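Peer 1: Kindly produce the complete structure, drawing on both the sequences and the hints.
2 protein chains.
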Amino acid sequence: MTYSVSLGATYLGDGRCRFHLWAPLAESVAVQIVAPEERLEPLTRKERGYFQGEVAGVVPGSLYYYLLDGQQLPDPASRYQPRGVHGPSQVVDAKAFSWSDRCWPGPKGKDLIFYELHVGTFTPEGTFEAIIAHLDDLRTLGVTAIELMPVAQFPGSRNWGYDGVFPFAVQNSYGGPEGLRRLVDTCHRYGLAVFLDVVYNHLGPEGNYLAKFGPYFTDRYRTPWGQALNFDGPGSDEVRRFFIENALYWLTEFHLDGLRLDAIHAIMDKSALPFLEELAAAVKLQAERLDRRVYIVAESDLNDPRVIRPQELGGYGLDAQWCDDFHHALHALLTGERNGYYRDFGTLGNLARAFREGYVYTGQYSAYRQRRHGRRPHPCKGNQFVVFTQNHDQVGNRARGERLSTLVPFVKLKLAAAVVLLSPFVPLLFMGEEYGETAPFQYFTSHSDPRLIAAVRRGRREEFAGHNWTGEVPDPQDEATFRRSRLNHGLSLQGQHRVLWEFYQQLIQLRRELPALTELNLENMEVITCEEDLVLFVRRWSRDSEVGIIFSFSNTATAPTLP
Amino acid sequence: MTYSVSLGATYLGDGRCRFHLWAPLAESVAVQIVAPEERLEPLTRKERGYFQGEVAGVVPGSLYYYLLDGQQLPDPASRYQPRGVHGPSQVVDAKAFSWSDRCWPGPKGKDLIFYELHVGTFTPEGTFEAIIAHLDDLRTLGVTAIELMPVAQFPGSRNWGYDGVFPFAVQNSYGGPEGLRRLVDTCHRYGLAVFLDVVYNHLGPEGNYLAKFGPYFTDRYRTPWGQALNFDGPGSDEVRRFFIENALYWLTEFHLDGLRLDAIHAIMDKSALPFLEELAAAVKLQAERLDRRVYIVAESDLNDPRVIRPQELGGYGLDAQWCDDFHHALHALLTGERNGYYRDFGTLGNLARAFREGYVYTGQYSAYRQRRHGRRPHPCKGNQFVVFTQNHDQVGNRARGERLSTLVPFVKLKLAAAVVLLSPFVPLLFMGEEYGETAPFQYFTSHSDPRLIAAVRRGRREEFAGHNWTGEVPDPQDEATFRRSRLNHGLSLQGQHRVLWEFYQQLIQLRRELPALTELNLENMEVITCEEDLVLFVRRWSRDSEVGIIFSFSNTATAPTLP
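Line by line, the protein sequences give chains D and C. Heads up: the first sequence at position 131 corresponds to 872 in the numbering used here, and the numbers run straight through without jumps. Heads up: the second sequence at position 188 corresponds to 929 in the numbering used here, and the numbers run straight through without jumps.
The hints are simulated quantities; they were obtained by calculation from the structure and are not laboratory data. Heads up, some of the hints might be wrong.
Which copy is meant is left open, because identical chains are indistinguishable; a pair holds if it fits in one copy or across any two.
[Said to hold, decoys possible] Under the rule of at most 20 Å between Cα atoms (straight-line distance), these lysine to aspartate or glutamate pairs were calculated in the DMTMM-like manner:
id	residue 1	residue 2
1	1122	1053
2	1011	960
3	836	1032
4	1011	1042
Here the structure is a predicted model, which means the values were calculated and not measured.
Peer 2: Put into structure tokens, the structure is as follows:
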């Protein structure tokens, strides 16, 4: 299959717009234009449940619904929902933006240093526009890519983004498609790549109209977030097309440098050509067409090398995956926490394994999972794993959303930063960690359905009650929970916060300058543990350069014995 | 993991017996011996929910139950259920049988010609013992392996075998473990291999006590036959062990030459080391220990080469798979049927594709499945695919269970036989097809629960109502349905039946004697179709031998134009 971006409303210029919709459950479909002037334009039924039509006299900015056998619904591939998830869709002229990044080649894999950012809480304004003022600081810090948490339209204005229901529409409260384009273009001018978190494993519970159009969902599998998307049942070719076009859309029409696929372990698919493999191949082909480097990074809980293995060896061929094991090994050592999944971690040996192979669990029994878990990823490269001391999940999925800065002493923040930034993997920082932000990152929503609001509130409480959590769980729907989670950039100039920021900057500089740290070659590395002294010794080398790093996790100042 | 056969009751000699049970849900477990003398022997709790104990004064033939916190249950790994699925388990001395097949090396893959056989209907007696009298005829026919439909203990005495609930127990009404051992030993003396159909994707609905012992099942996935087995959730290591030990048990203690895995597409498993891959590796290791050739053949509906790809290329490493596409292409051509899945077939080109690649669907859109289906298996060998004109499913899953012999003229039976036996794949005959048996093979059961009986009856009717079937569907529970499905071996001596039998024999002889037909090399083959004349021309060659075969599907006698 060859894919291009064709679903939704494509503005063709000269007042002409092409509408293209998959609605196999409908007998008839019409476009109902509601602004600037009311009109009704019937679409023509094509093969396999598609409806199409080219309509004249439609200007960018026009608002429309689809009428499916008379039922008024927004466009599943809407580019913009200016009035939110329940309102009309808007025609957007994808070619109107004047890009200034023509020579941008995309980042090199081994140069990537991610900065994960939630648009709503990164600045008081909570917009793409407001991020731009901070790009200079990020460049000075040394990160090379910002990774936006999902921006697909979600209900209300406060959400992590994983409740998105219009995969092609850029969140209205963030500044819509125009705002995102400006941000990406400016980032590229600053030499920063931009990655986007996309959710192809479920849709949010509010404003999700997809099931009215076709068999987007299946009840053959269960996911933690409700109905699984249909990637292998009847009609699944078209569901795949919807999401593959979505990936190409972001990379092509927004000049994004890569995507982070949320929770691929919840993508259920038994087909001979798995959706993820097809997606990876389509993106590689598009990167060739675009003539720049583009990446797909997966969040995966499977410890399954198939995710990142090349296609010719039976893998999906994704470029990299998040490495939770590395985080858990580090976090358990730093904090002493042993609850939940931290139960499987806590020794220096765990962290040494993560350094050597990315995964800690490569087939051993996991007490938390109550089964053997994972598989050796060998052979692999360091740039196939993204590592972090914190991220939105590891912070935000704690009952109170505490950052590491409020859990461990200052000196351990420095230790954590060094472990991640001097590792042979691709580092990811979570916004604010570079200066030890103390604000929590809590779970927040702004649904409109009172029953859903109550269900989310209850679900959150019950989740933590299950973890023997006794304190108060912040109310996700309360705006104060959202406000509490905002960054206080001013902190970064003060006292130890400033010291930490400079330490991050220096570590990044070391990483970028020393060939032994730049080459992410797991072969050229020796890892030695001294469990007694709680010291991890890492030696890394390249042709002309060698680095020895001593990580001491001890709470007492001991002079480690060097090997 | 290294596996051996250790679950269940293992008779150690000298009146000693070791009991080994996984029952993580139980607080305490005791063995309740009920014959020859009542006794109670508590077992000791070991790690991960295992219970174990070595008990003295237990003789082979002793009957026992487990008491799980006082609840009386048969052994999940019972070797024998002399009183059926609800009765006590029996201690069997696996070493008592005196084998005479010490020098048997196991069959070579390319020599395999399967004869699929249902023990209950192959003879009037319906026992292993009664099969033995027919082995000479089978050897004369030329098949090299019999493949038994499942013999694991099922409820009652009439069942295809897919309702089995004691995977280690040999069906009592067939003659139990002793009977099966005698059959295998005799087959090996006749130079015949024996394969067994095993069901690792579900358990039957009656007498299934497994869920009382531990998390054998999961509700995270749905299968067509109820709860999915738990191969990737908490506790799944032990579920895997149960089934892997089962595979080793058949191969080791019954000298079987291979297993046919039923419907692996219903084995749900997202783990990094899939159950099927682990099973294949464990079986390969055991074959090395046993120092003979052993095979695992899968029934798969996925058209996914991963099933048969070697492990180093990301596959499960199973030896071969059933090739339904080949059957459907041939059946649709022969009968003109286009209902159900035959909708996707019917051209000579389909059959040509099956000859070239095994699968017909390698990524094309399937109208029946309403999605693209399959993937090219290239590179592969002919001995990785098992092909057939009929099998228990293709005959028995018709509303009235008609064999091909009652659907097409005699000459087409010969054509069908030639297509399968001269193909570059491994042929499988369904018992009786070699002489054009006219008895149907219908779906039959002998459950004891009236509600279940009614549900099965209703399910069967509804299934065919869905296929627009208007005639009467035979009652599965009626003994007449079973009796009607028995072979009439006497037919094979009469008229055209005898002609057909001799034709099969000659085809098999050709296949075994001509090097061009013996080598299952898909490279050394040319397949040409003439859709107009309905002629398929196949040229196969080896170093010193070449064969040209003309298959004419036309109903009129035409002289085909040779290419």
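Peer 1: Check each numbered hint against the structure and report the violated ones by number, ascending.
Peer 2: Per hint list: zero violations.
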